[in-house]
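K.L.:
Residue numbers (my numbering), protein chains in the order written: chain A, 20 to 720; chain B, 81 to 342; chain C, 4 to 146.
No lab work stands behind these hints, which were simulated from the structure alone.
Note that CB positions come from ideal geometry on N, CA and C, so glycine has one too.
Keep in mind that a hint or two might mislead.
Facing chain A, a subset of chain C residues (Cβ under 10 angstroms, in silico) [unchecked claim]:
no.: 1; residue: 9
no.: 2; residue: 13
no.: 3; residue: 14
no.: 4; residue: 21
no.: 5; residue: 22
no.: 6; residue: 34
no.: 7; residue: 48
no.: 8; residue: 55
no.: 9; residue: 62
no.: 10; residue: 72
no.: 11; residue: 79
no.: 12; residue: 115
no.: 13; residue: 119
no.: 14; residue: 122
no.: 15; residue: 129
The calculated DSSO-like cross-link candidates involving lysine-lysine, where the alpha carbons are at most 30 angstroms apart (straight line), are [claimed, not checked]:
no.: 16; chain 1: A; residue 1: 529; chain 2: A; residue 2: 540
no.: 17; chain 1: A; residue 1: 540; chain 2: A; residue 2: 505
no.: 18; chain 1: A; residue 1: 633; chain 2: C; residue 2: 136
no.: 19; chain 1: B; residue 1: 302; chain 2: B; residue 2: 107
no.: 20; chain 1: B; residue 1: 316; chain 2: A; residue 2: 505
no.: 21; chain 1: B; residue 1: 136; chain 2: A; residue 2: 293
no.: 22; chain 1: A; residue 1: 540; chain 2: A; residue 2: 448
no.: 23; chain 1: A; residue 1: 529; chain 2: A; residue 2: 448
no.: 24; chain 1: A; residue 1: 448; chain 2: B; residue 2: 107
no.: 25; chain 1: A; residue 1: 505; chain 2: B; residue 2: 107
no.: 26; chain 1: C; residue 1: 136; chain 2: C; residue 2: 59
One letter stands for each residue in the lines below.
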Amino acid sequence: MIPSREIFFNIVPAGVIAAYVLMIIPIGLLAYGLARRVRRWRLGQAENRFDQMGHRIWNMVRMSVLHGRIVRTRNLYGGIMHAAIFTGFVTLLIGTLIVMVETDFTVPLLGFSFFHGNFYLGFKLAMNVGGLLLILGTSMALYRRLVLRPATQQTSGDDLLLPATLLILAVQGFVQQALRLAMTQDPWAAWSFVSYPVALALQGLPMDVLARLHQLNWTVHLVTALVFIGYIAYSKMIHPFTALANVLMRRIRPRGELNPIPNMETAENFGASKLEHFSWAQLMSVDACMHCGRCLEYCPTFNTGKALRPRDLVLEIAGLQADRGGIFSGVLGEEANTGRFRWGRGGERELIGGAVSTEEIWDCTTCGACMEQCPVFIEHVPLIVEMRRNLVMEQNSFPQELAPIFTSLERLGNPYQNVPAERADWTRKLEQPVRQMSEVVAAGETVDYLFFVGCLGSFVARNQKVTLALTRILQNAGISFAILGKEESCNGDPARRMGHEFLAQQLAMKMVDKMNAYNVKKVVTGCAHCFNAIKNEYPQLGGNYEVIHHTQLIDELIAAGRLTLNEASDITQEKVTYHDPCYLGRYNGVVEEPRRALKTIPIVNLTEMPRNRKHSFCCGGGGGKAMMKDQSATRINQTRAREALATGASVVAASCPFCMGMLEDGIAAVDEKSGVRVLDIAEIVASSLQAPAVTAQRETV
Amino acid sequence: MNIVVTIKQVADPNIPPSHIQLDPSGKRIVSPFGIPPVMNGYDANALEEALRLKEKHGGKVTALGLGDDSSRESLKRAIAMGADTAMLINDPDLLNADSAGVGRALAAAIRKIGSFDLILCGRQASDTDGGQVLHWLAEALDVAAVTPVAKIESDDGKQLTVHRLVEEGYQRLRVELPALLGVSSEINEPRFPPMRGTMAAGRAMIPGWKASDLGLQPSAAKVELRNLQIQLRTSKAELIAGSSPAEQGTALADKLHELGFI
Amino acid sequence: MRYGLILLAAGVAVLLMSEAGEWAALRMLAVVLLVGGAIAAGIAGGAHPQSAAYIKRVGAIFSRNAMCAVAILLTAPALAVLAASLYGALVRLTSSNAAGDAPLLILGGVVALILLALASTVVVLGTGAIRGKTPQQPTEKQA
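All chains, full assembly: derive it from the sequences and hints.
P.N.:
Structure, rendered in structure tokens:
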């Protein structure tokens with residue numbers, strides 16, 4: 020006998036007809052819900068996300084279908100859980116479709132049957148594995164939501180109902196198979212390794228009872244499946260559609276690059292105070308969120324108890340645009356039942372101040388930990404910056420401590436009221452002069468690098484020491500470089516991330532004009548923020564340069580043997596831990612170069628903080644927060660300082676002036692007697708230089 | 081309520097003393113590299129107060145300045161903050177006028193602008209700290225002048241109750257409109273110019289008026305500025321050494337005594 | 004909307020024909036018509052301004068308790084069958100004639116027990132969620 024089974028076994032024709040006809044209700048509801056969502060997204064601003072389709076599709080397959088971004092070594096539980104549910108669900112879905120193809124297509128139309136023999140046996144095996152995986156995955160999901168309860172997960176009814184329904188569907192499937200096997204007693208039944216033993220146990224029941232139960236369970240299994248399909252568009256189960264769409268349509272730009280406001284002079288509106296001010300893709304992205312909470316894992320504001328939680332921000336925006344025209348808009352759609360913010364609250368709220376609080380908007384350090392973590396590429400920081408833009412440029416409303424910062428940036432080209440004429444005064448402390456671009460160009464010469472010093476490196480006493488150390492390294496290695504000197508001003512990054520796009524563009528434009536006029540080709544920066552802005556955002560304004568951070572250059576110089584390092588130096592034999600600046604590590608992937616540079620220094624003992632590289636924890640100084648108050652709950656820099664102190668290191672290596680200031684303050688506040696120093700990698704390397712500069716360097720470190 | 085606010089552009093008072101420079105004549109402060117001149121701080125307070133009155137009563141706020149063409153920047157800032165229009169008296173002959181001359185020129189310009197209910201001036205300018213012009217202006221327009229004003233307590237469109245600063249307190253004065261107030265910094269915190277305003281200011285046209293446009297006869301200054309001088313205060317630090325706090329304290333006391341402080 | 008309804012009507016007609024006449028070949032066509040019609044009607048409904056209010060009224064019919072009852076009805080048969088197989092395994096194990104099948108029967112009983120335990124837990128959780136019971140939330144300790 021050839022292994023196979025009768026399709027629609029024991030099911031009366033009326034049942035089959037009912038199954039096909041009833042199917043239209045949930046499919047209609049799904050199409051209705053999706054269509055409503057698409058209509059809402061289309062209210063957003065235009066944005067081209069249809070370029071590089073091949074790359075986009077491959078990225079989607081790799082990151083989502085193949086789980087490239089879903090499974091992570093740092094938190095395997097969630098990844099395995101999702102992979103199990105996904106594989107189980109898809110296997111069962113494909114299995115159902117195979118049966119349909121056999122019975123409705125190949126047999127009646129092509130006269131060809133494949134649902135037998137080895138294929139059938141493999142099918143049975145695969146379906147049982149699929150069912151088991153689905154049960155395993157959903158059980159894991161429920162166990163995590165109810166027992167493990169990680170701090171990053173707030174659980175709503177929706178979060179329980181979906182795994183519960185999927186699990187019930189799988190159990191019903193096994194029961195259905197067990198009943199049929201108990202009736203037919205197929206000789207190949209053991210291939211259904213889960214249902215078979217259950218079927219054996221059922222064989223004592225009378226045949227007509229088995230048949231009745233079989234019909235009854237078939238009916239409820241069908242209805243459950245239909246209810247589930249109908250529920251998809253009104254729950255986070257929509258994510259296979261929205262998340263795949265968002266991964267497909269994600270912004271393929273460096274994550275450190277914010278979209279500019281083009282043609283500011285004629286723009287009718289700045290930033291977002293209404294949903295339709297966001298781009299359609301941004302509106303779509305918030306619907307892709309399924310409350311997994313990964314964005315919170317390394318979030319500096321969540322982990323220090325502040326108002327901003329990126330997950331909630333996304334859900335608040337999603338809740339504002341939620342479609343209250345669905346089947347669940349009655350009592351079932353009330354707040355506690357489905358997604359916490361998705362339904363119920365009503366759409367008649369302001370975006371800013373109603374759905375999202377201004378406190379949340381100003382809390383953000385723009386560190387990007389949420390975006391690095393998000394499995395479906397939701398970009399939280401641009402959403403926040405859009406709302407900041409509206410607050411600053413339309414409503415003239417921002418934390419009061421920013422007014423002098425904006426004024427100083429506008430008038431003096433630096434944030435802290437420093438005298439522009441003193442920008443190059445640090446060079447006076449050098450033994451060997453530094454050339455200025457204006458002199459170099461006037462002399463008809465060229466240099467390899469423009470050293471973009473940055474405001475803090477130019478004016479702040481502590482950071483000047485780093486600038487001096489870096490200059491000595493460049494001079495020691497014989498690099499041909501020059502600075503802009505008095506002609507340098509802020510690159511625009513803080514203004515931009517604080518929402519003052521107009522000011523940011525003015526400042527950036529000034530620098531681009533200057534650098535283009537001097538025909539600059541390569542830029543080395545002493546600051547992670549300057550680095551990111553010039554590298555990723557200046558091309559928007561016609562400034563295309565090869566930009567390199569000083570830690571990369573130092574690493575290159577060491578590798579090329581252009582720096583000779585001493586056996587004995589200030590910090591040899593000390594334990595050093597390295598803090599990754601967000602705008603260097605996370606945004607631009609520069610994580611190994613600084614470490615390599617440190618490791619080449621003889622006898623430096625490099626130790627890591629638990630949160631490092633792309634999963635680093637922000638110092639609290641990004642996005643203009645270094646210039647704002649951080650008063651609610653725990654200070655971010657102190658949290659990071661504690662983490663650094665816990666490593667037992669005596670030196671915290673930094674590579675960004677903002678991080679340096681925040682960490683020094685943090686360490687002083689947490690344990691002022693620790694004696695732990697914060698040193699830039701340039702300072703550490705300079706102190707090991709085998710060169711005349713060594714003695715002079717000692718004093719400055 | 082139609083309000084005229086007088087705006088003077090001055091060198092940034094936050095310029096560190098070591099960076100203050102004078103022009104060759106020795107009569108003017110030159111703004112050093114990278115530190116553009118600003119609107120006089122008290123004038124910003126006056127403008128802010130005018131804008132608040134306008135928000136309450138409606139009407140028009142006109143900013144009026146006297147200076148060279150570069151002074152348009154401060155008038156643009158006034159528009160950015162919310163002034164409806166701005167005018168500049170930019171006659172080179174008037175740039176070296178004394179307080180009386182400036183007051184008369186401003187008065188002529190205000191008459192040309194038309195009717196007004198209130199004139200708000202800064203109590204004085206941070207570069208000369210004279211505090212004279214507003215009196216000459218009130219005189220020329222024949223209105224009451226109160227200065228320095230720290231608060232407008234109430235206003236009904238016909239008269240104002242204001243607080244005038246005196247040593248260790250204030251007087252409550254009732255002033256009939258039209259009037260002129262010299263505003264002090266206690267009165268408010270000037271707003272940050274909104275972005276839309278800044279963009280509108282960038283496009284705004286600010287007419288320049290000459291003495292002839294105002295029907296002014298040239299008159300010799302009765303007070304002449306001969307020259308300015310920069311006095312630099314120097315400071316030096318000395319560390320008091322000592323092996324114990326007690327010893328350091330004694331050494332400090334000795335030093336202070338030696339210098340004549342105690 | 005009109006196209007959607009036409010497709011749906013055609014789909015039902017074709018389906019009935021295929022079942023009545025035992026023309027299995029027509030069933031695929033019926034499925035295509037029905038699914039296509041459902042999607043077309045759904046999308047058209049999404050664009051229809053009145054549809055939201057209409058569906059909202061339908062949604063208001065479902066009370067929490069009614070949905071709980073539905074959930075229990077939908078899961079009860081499976082739970083009953085699992086309980087029956089657990090019982091069946093016990094009965095057959097205790098009667099002497101099942102000696103050869105004993106390991107498999109024990110396995111069957113264990114599988115049934117696990118599935119029964121999971122499914123009934125999930126029913127409790129799911130009905131709780133439908134009734135709007137918020138599960139216990141984690142304490143958000145600072146990292």
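K.L.:
Does the structure break any of the earlier hints, and which numbers would those be?
P.N.:
When the structure is compared with the hints, numbers 1, 2, 10, 18 and 24 turn out to be violated.
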